[in-house]
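> First to last, the sequence lines map onto chains S and W. The opening position of the first sequence corresponds to residue 1 in UniProt numbering, with each subsequent residue numbered one higher. The opening position of the second sequence corresponds to residue 1 in UniProt numbering, with each subsequent residue numbered one higher.
Do not take every clue at face value.
You can't tell identical chains apart in this list, so a pair holds if it fits in one copy or across any two.
Below 16 Å or equal to it, Euclidean Cα-Cα: the simulated EDC-like pairs (lysine to aspartate or glutamate) are [stated by the list, open to error]:
{"no.": "1", "residue 1": "Lys220", "residue 2": "Glu244"}
{"no.": "2", "residue 1": "Lys73", "residue 2": "Glu188"}
{"no.": "3", "residue 1": "Lys220", "residue 2": "Asp140"}
{"no.": "4", "residue 1": "Lys220", "residue 2": "Glu187"}
{"no.": "5", "residue 1": "Lys190", "residue 2": "Asp71"}
Don't read these hints as lab results, they were simulated from the structure.
Number of protein chains: 2
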Amino acid sequence: MTLPRIAIDAMGGDEGVRVMVEGAALARRSHDRFKFLLVGDEPRIKRALETHPGMSGASEILHCEDVVAGDEKPTQALRRAKTTSMGLAVNAVKAGDAGAAVSAGNTGALMAMSKLALRTMPGIDRPALAALLPTLGDDDVVMLDLGANTECDARNLIQFAVMGAAYSRIVTGREAPRVRLLNIGTEEIKGTDQLQDAAAALRSATGLSLQFDGFIEADKINRGDCDVVVTDGFSGNIALKAIEGAARFVTDLLRNAFTSSVRSKIGFLVSRPATELLKHHLDPNNHNGAVFLGLNGVVVKSHGSANAQGVANAVAVTARLLENSITERIAADLAEVDRTRVGEGAGK
Amino acid sequence: MTLPRIAIDAMGGDEGVRVMVEGAALARRSHDRFKFLLVGDEPRIKRALETHPGMSGASEILHCEDVVAGDEKPTQALRRAKTTSMGLAVNAVKAGDAGAAVSAGNTGALMAMSKLALRTMPGIDRPALAALLPTLGDDDVVMLDLGANTECDARNLIQFAVMGAAYSRIVTGREAPRVRLLNIGTEEIKGTDQLQDAAAALRSATGLSLQFDGFIEADKINRGDCDVVVTDGFSGNIALKAIEGAARFVTDLLRNAFTSSVRSKIGFLVSRPATELLKHHLDPNNHNGAVFLGLNGVVVKSHGSANAQGVANAVAVTARLLENSITERIAADLAEVDRTRVGEGAGK
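Please construct the entire structure, taking both the sequences and the accompanying hints into account.
Quick look at the structure:
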């Protein structure tokens with residue numbers, strides 16, 4: 001099987017070209033069959049490639065100097081889809097020049113450009129933003145939507161469940177990933193009408209490649225006994241950021257506590273390997289790469305402040321999705337939803 | 001000033017009478033001017049009081065054997081408002097026999113009973129559940145609503161802001177607590193119509209005893225530069241539980257890391273004071289006591305699994321609210337909202 005190329009928006013993100021190119025080169029070490037289309041300022045890309053000869057041989061450069069600004073409104077950025085590094089990377093996917101695009105630029109602009117250029121897949125009303133979160137178990141948990149859709153109806157949630165399960169199958173290897181809907185309680189009567197309709201449809205569905213386990217509360221997301229957490233984009237964004245903030249809060253407290261006395265400092269030094277492990281596990285760079293699911297093509301958002309290792313993680317996620325033909329898998333699962341008419345009558 | 005009594009539902013919670021009585025006795029050490037009405041099984045309460053003679057002298061017992069079950073539906077519990085310990089504690093507030101009620105029982109039932117018996121204050125459409133969360137700063141942050149109202153309009157959010165600020169004034173001593181609305185971004189265009197309407201009204205308001213600082217994202221809640229986080233009950237519940245879960249996740253990881261090698265174990269022992277500090281800071285018992293704001297009377301929910309120290313914290317919160325006449329303060333602030341017509345036209 002010939003793998004499609006990965007288009008990299010080399011200009012997005014806080015650090016720009018150097019970090020994006022280095023990240024892709026790092027990812028290539030474990031995914032060496034991939035080729036790249038590097039979109040951005042050619043002289044700077046060439047300079048960045050000098051220290052990565054293997055990457056250089058596997059890359060084509062698409063020159064462009066225009067960049068979408070971090071604070072630019074999506075509507076404004078859309079007008080420059082044909083001239084910016086982000087727009088050209090996404091359009092390469094549309095044209096079949098690449099199988100996926102990775103960008104660390106403005107999320108709203110990337111989403112708008114991706115939707116316009118790639119369109120949603122047949123059977124999907126709205127794409128969703130999905131990410132992997134660490135758990136106490138062996139595998140990461142997939143959570144979606146994380147902010148693409150502020151409000152969602154039951155049909156959207158059901159489609160998110162199918163897309164999230166397809167993603168989780170690649171991550172966990174499970175035939176039927178365990179899916180739950182994020183809610184404020186686990187009793188059937190809890191939450192909004194949309195959640196109850198979606199739960200009823202998923203409970204009665206047969207033939208889906210997922211196991212629906214009902215509702216989950218936000219304090220259980222990282223426990224490791226659920227593979228996919230489905231939610232609307234508003235709640236998902238709140239949950240994701242609350243988890244990030246609380247994890248940082250605890251590690252900040254810990255740092256303060258450990259530097260508060262000589263005795264603690266010594267304890268900290270002696271137990272350094274343990275705290276390094278913790279740091280590794282919680283480092284957002286190790287979980288970088290949010291995926292837009294539901295489009296005719298793969299688009300991955302790398303965090304704007306990710307370092308080269310973070311970008312490498314996002315590119316590796318992209319490579320795994322392409323190796324496992326995520327778009328085709330979702331299409332096959334959606335056909336099943338269609339056949340068994342899951343969620344018929346659900347929605348507004 | 002004569003302080004009103006505190007009614008304690010002695011039968012609610014996982015541990016029941018002993019923990020509730022011991023918790024109230026502990027709280028009384030720092031709030032020794034308060035008297036108590038202990039509602040529940042008289043023989044068991046008397047037994048629990050034997051080891052707390054000071055508390056015994058400050059308490060009256062209201063005998064009752066009926067208890068609201070933890071999994072009981074609120075509608076069902078409401079029918080037994082006149083016979084259960086929870087119902088009688090709340091009704092004591094209604095009758096003026098007590099100024100506040102504290103219960104560790106079923107949250108939904110407590111909310112339903114409180115609303116029915118105490119009614120919402122003039123100027124408040126819906127009461128809200130508020131709690132204190134730890135921060136990196138000197139003071140706790142007040143967050144509300146945490147689950148009383150799944151969906152909220154702009155008017156509700158504005159009223160929550162006023163109530164939360166009144167609570168925060170007692171906690172922080174600030175004349176104008178810094179208030180923010182929880183959202184998925186800080187730009188003015190982010191979020192739902194309700195959030196944008198509420199923000200516009202709060203931005204243009206004058207004469208309120210609060211400083212409105214715009215939106216806040218969920219990863220900033222614990223940072224300590226905001227005194228009140230206002231949100232609908234669905235998002236608030238998600239955020240609260242996500243924070244609790246993530247904090248537990250990190251401390252679990254830490255425990256695993258620290259017990260993974262002899263070297264780490266030694267480091268852990270040497271730095272014990274630091275980790276104890278962390279544990280103290282994150283222990284939910286130290287932040288126990290969620291307050292129903294907006295009713296004609298104070299009702300405080302203690303966590304069902306709280307230990308005596310946790311109950312003491314909830315009772316101490318109750319005492320501070322009564323000492324500072326929270327209900328009268330909110331009423332005065334609401335009169336100001338009314339006078340300046342904040343949020344006129346906001347809402348659906």
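> Confirm or reject each hint.
We went through each hint and held it up to the structure:
1. Lys220 with Glu244: both (15 Å within a copy, 9 Å between copies)
2. Lys73 with Glu188: between (40 Å within a copy, 12 Å between copies)
3. Lys220 with Asp140: Within one copy, since 13 Å is at most 16 Å while 24 Å is not.
4. Lys220 with Glu187: This pair counts as within: shortest intra-copy Cα distance 15 Å, inter-copy 30 Å.
5. Lys190 with Asp71: between (38 Å within a copy, 13 Å between copies)
Every hint from the earlier list agrees with this structure, and none is contradicted.
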